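Colleague: Okay, here's what each chain looks like letter by letter:
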Amino acid sequence: DVKVTQSSRYLVKRTGEKVFLECVQDMDHENMFWYRQDPGLGLRLIYFSYDVKMKEKGDIPEGYSVSREKKERFSLILESASTNQTSMYLCASSPYTTLNEKLFFGSGTQLSVL
Amino acid sequence: QQQVKQSPQSLIVQKGGISIINCAYENTAFDYFPWYQQFPGKGPALLIAIRPDVSEKKEGRFTISFNKSAKQFSLHIMDSQPGDSATYFCAPLYSGAGSYQLTFGKGTKLSVIP
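So the sequences go chain by chain: A and B. Everything in the first sequence is counted per this note's numbering, starting at 1 for the first residue and increasing by one. Everything in the second sequence is counted per this note's numbering, starting at 1001 for the first residue and increasing by one.
Hints may contain errors.
Derived lysine-lysine pairs resembling DSSO-like cross-links, with alpha carbons at most 27 angstroms apart [as the list claims (entries may be wrong)]:
(1) A/53 with A/70
(2) A/57 with B/1042
(3) A/55 with B/1106
(4) B/1005 with B/1109
(5) B/1106 with A/57
(6) B/1042 with A/71
Source of the hints: derived by calculation from the structure; they are not laboratory data. Since this is a predicted model, take the numbers as computed values, not measurements.
Excised from the complex, chain A in its bound form (with noise of 0.2 angstroms):
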């Protein structure tokens, strides 16, 4: 089965400080996401990488930046974090062959940004 595992399940930060949220895969798979759901917004797309050091800009990337230095870990960096990026973030990851046709989500990072 594939795995894709977030560091950590719930994290508590102060207005201000950088923040790390780290997603790994099992499965080789090129591809590598990060979302943020919000209640009644859904999921919505913040980064993701198709490549070791590349990165695309998804829909709500301010405020956000990414870094992919190996093909199975990318994390996502919160420069100065501010109360509006409380949130859950999710990671998800696809082998690029079947063109995301199937995403494979961790089970979250609940921030909370005080």
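Go by the hints and put chain B onto chain A.
Modeller: Showing chain B alone in chain A's frame:
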């Protein structure tokens, strides 16, 4: 511009009843129509999907109905069970121009009561 409109926001169904969730889309370039299922504390997982060359697909108690002319597709859950209680997302995909990005609906929270 909201490309995907999912309804209803929430749904309560008696055990054994039929649950119906609808998804209307605007982009006629969408060419793959999946539904994702998310249980509390977990990430979404692909449940069932359909391509536009067929009007219906059935997998066990789950059926997708697709109406290309109306630009709508729906998820039907027959003989609904308490274990089906989850949030459901439609997420049509456009695979043109190298995009391959899903567009998630806002979700439907289904509660199946005994």
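Colleague: Now tell me if each hint is right for this structure.
Modeller: Taking the hints in turn, this is what the structure says about them:
{"no.": "1", "hint": "A/53 with A/70", "result": "8 angstroms, holds"}
{"no.": "2", "hint": "A/57 with B/1042", "result": "25 angstroms, holds"}
{"no.": "3", "hint": "A/55 with B/1106", "result": "25 angstroms, holds"}
{"no.": "4", "hint": "B/1005 with B/1109", "result": "14 angstroms, holds"}
{"no.": "5", "hint": "B/1106 with A/57", "result": "21 angstroms, holds"}
{"no.": "6", "hint": "B/1042 with A/71", "result": "23 angstroms, holds"}
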